[in-house]
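Novice: If you want the building blocks of each chain, they are given just below.
There are 2 protein chains.
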Amino acid sequence: MKKIGNRTVQFDRPPSIISSAGVVGPKESEGPLSREFDRVFSDSMIGQDSWEKAESYLQKRAVELALVKARLNPKDINCVFAGDLLNQCIASSFGVREMNIPFVGMYGACSTMALSLINASVYTECIDKTINIAVTSSHFCSAERQYRYPLEYGGVRPPTSQWTVTGSGAAIIGYDEKSPKIKAFTIGKMVDLGVTDANNMGAAMAPAAADTIKSFLEDTNTKFSDYDAIFTGDLGFVGTELLYKILSSDGIMISGNHKDCGLMIFDREKQDVHSGGSGCGCSASVLCSHILKRMRRGELNNILFCATGALLSPTSTQQGESIPSIAHLVNIQNLLP
Amino acid sequence: MKKIGNRTVQFDRPPSIISSAGVVGPKESEGPLSREFDRVFSDSMIGQDSWEKAESYLQKRAVELALVKARLNPKDINCVFAGDLLNQCIASSFGVREMNIPFVGMYGACSTMALSLINASVYTECIDKTINIAVTSSHFCSAERQYRYPLEYGGVRPPTSQWTVTGSGAAIIGYDEKSPKIKAFTIGKMVDLGVTDANNMGAAMAPAAADTIKSFLEDTNTKFSDYDAIFTGDLGFVGTELLYKILSSDGIMISGNHKDCGLMIFDREKQDVHSGGSGCGCSASVLCSHILKRMRRGELNNILFCATGALLSPTSTQQGESIPSIAHLVNIQNLLP
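Just so you know, the sequences run in chain order C and R.
Using this note's numbering, you'd call the opening residue of the first sequence number 139 and step up by one each time.
Using this note's numbering, you'd call the opening residue of the second sequence number 139 and step up by one each time.
So that you can see chain C by itself, here it is in the shape it has in the complex (with noise of 0.2 Å):
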């Protein structure tokens, strides 16, 4: 690896994404990315007897998927990458504890899916080409009775708040011809404006994404242009708006190849999800299903992936403090052998 500019690094061997697998809730499995999801779950309970474990359940088998089709064991595996929403990330011990594979706990609130993406990517690079895997959650109810109210109380939400998708994706990373590559990686710095909304955190976490994407841009001297997407999660529908806001008042001009997973994952209009969707789960079954199968289908070929994550707990916010955002992007393409 080595570095360009500032912050971004460039793999000398960009590792593949070998397989992956992206699994959903029935909210999600009403949206319009349905028939993208490898497997979609009808009840939230997942059969499990509490959310917590329903959550860890689509992890492990978001891991399970992503194996079979790349028809490996969890033996062949050298380390699992794993975080989620949940106090000390217990979806994801849970779900991948019976693996039995080395496990490194990451937290990056909803910017996970990228954050363990390069580390595992890292690690495949580096480490005598083994094969790593990174895996994120979320759950709908779940969190919301961690980070807001009991789901019985049925707390009024404010049109800034977002719905945190019940979902996880799992992406595998190894080294073959045909598969999408990861090429570059930026990882985020905090970016904290002082908003203090925990209601509004597509607001609070745009100008992490407006950072990061700018940075990536300027070390790789490339332009929104030369990407057929960009995809950003989960800012939502106030967050995207923002976004757009400071990059052009910067100057960067945003061609109609943006895309926000929090919005693709749910129909704003029917699905009564306010400013979108959020959540570790929402862009890493995005990605790990109807991105990564596009690229596969050749109908994208390079796309940059910037997860988002406002790095609050419940405990801050009823401390005043205002939220540190941060947003990890990745730079995923389809390089000939």
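None of these hints come from the bench; they were simulated from the model.
Be aware that a few hints might be false.
Copies of the same chain are indistinguishable here, so a pair counts whether it falls within one copy or spans any two.
Unchecked claim - Computed cross-link-like contacts, DMTMM-like style, restricted to lysine to aspartate or glutamate with a CA-CA straight-line distance of at most 20 Å:
1) K140 <-> D150
2) K213 <-> E202
3) K267 <-> D357
4) K140 <-> D266
5) K361 <-> D410
6) K141 <-> D214
7) K352 <-> E168
8) K213 <-> E236
9) K321 <-> E282
10) K207 <-> E379
11) K397 <-> D364
12) K431 <-> E407
13) K213 <-> D357
14) K352 <-> E379
15) K213 <-> E356
16) K140 <-> D214
17) K431 <-> E202
18) K267 <-> E168
19) K141 <-> E437
20) K316 <-> E356
21) K383 <-> E282
22) K352 <-> D187
23) K397 <-> D335
24) K352 <-> D366
Since the structure of chain C is already known, use the hints to place chain R on it.
Specialist: Below, chain R without anything else, positioned relative to chain C:
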């Protein structure tokens, strides 16, 4: 880097711990390692208006002191790898927020210092010899009220319980000739033998420590007595006893060179800490002050640092789950240039 044996990875150009700093609170400053720490605070609020903010401040101070020792500025740093025990790892995000360094959040419960050290070292070797930081923290008061009871309640602690250390340790990883070097590491697998008592984490974690140490010794074809010292963190008294039982039943001789950070930091006779110290800040502060000072003085030249973590949450405990545990190991050596 190359993989040796099943799970151990050896660096080609072992990165150096070019500086480190350990900072602690009042109780730790009264323990046996009192004079070893870089900074001790006589009040657990450390001039902040909440324990959570005090913990963030500990991380900030540890990083700042390590930077000063290395004569570096935040802008010289490629990435900071940070973690803690608080929900959503807020001690880390708020602790290093203002430094404007690319941020990688890690979670491994009390094993996080070893995990962060490993990943900072991987980046240093693989990305153009960049300089990276590993830092973790814990705070008795913020942990106690989050994991157990409000402090004011004065809940009685069972004899197997451990005392969360108020402290932080930071290590700067780069290249220099004279500093101790990270030679190899083993990432832990989750081990869960069904312990469900969240007041007996030593017992839950000991099998994970045994598993990782055994794997490392097998992979490197070395034995316990080949090392000047083997430090675990933080098994405490109960977990250490159990570790010895498991290792000796596996035919591994423990030759008086084992120490547990949880037993080193407090005087169990005088300080009423039951089974010993614990927390992300325990092994971090002991490593980054006492242990690395002994290495720099040449009193120790080849050690293993094996930090252990219990991957539970109050929610998983309330739902009747057992405790998946993990231990990550780092081999640190004084190598001749």
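Novice: Determine for every hint whether it applies to the structure shown.
Specialist: Hint check:
1. K140 <-> D150: Classified as both; 7 Å inside a copy, 17 Å across copies.
2. K213 <-> E202: This pair counts as within: shortest intra-copy Cα distance 12 Å, inter-copy 41 Å.
3. K267 <-> D357: between (26 Å within a copy, 18 Å between copies)
4. K140 <-> D266: both (17 Å within a copy, 6 Å between copies)
5. K361 <-> D410: For K361 and D410, neither the intra-copy (35 Å) nor the inter-copy (61 Å) Cα distance is at most 20 Å.
6. K141 <-> D214: between (30 Å within a copy, 14 Å between copies)
7. K352 <-> E168: neither (34 Å within a copy, 49 Å between copies)
8. K213 <-> E236: within (12 Å within a copy, 41 Å between copies)
9. K321 <-> E282: neither (36 Å within a copy, 44 Å between copies)
10. K207 <-> E379: neither (37 Å within a copy, 44 Å between copies)
11. K397 <-> D364: within (15 Å within a copy, 56 Å between copies)
12. K431 <-> E407: neither (26 Å within a copy, 62 Å between copies)
13. K213 <-> D357: between (38 Å within a copy, 16 Å between copies)
14. K352 <-> E379: within (16 Å within a copy, 54 Å between copies)
15. K213 <-> E356: between (41 Å within a copy, 18 Å between copies)
16. K140 <-> D214: between (28 Å within a copy, 16 Å between copies)
17. K431 <-> E202: within (18 Å within a copy, 45 Å between copies)
18. K267 <-> E168: Classified as neither; 39 Å inside a copy, 48 Å across copies.
19. K141 <-> E437: neither (29 Å within a copy, 37 Å between copies)
20. K316 <-> E356: neither (29 Å within a copy, 37 Å between copies)
21. K383 <-> E282: For K383 and E282, the Cα distance exceeds 20 Å both inside one copy (30 Å) and across copies (44 Å).
22. K352 <-> D187: neither (45 Å within a copy, 36 Å between copies)
23. K397 <-> D335: Neither: 24 Å inside a chain and 47 Å across chains, both beyond 20 Å.
24. K352 <-> D366: Classified as within; 17 Å inside a copy, 49 Å across copies.
Checked against the numbered hints given earlier, this structure breaks hints 5, 7, 9, 10, 12, 18, 19, 20, 21, 22 and 23; the rest are met.
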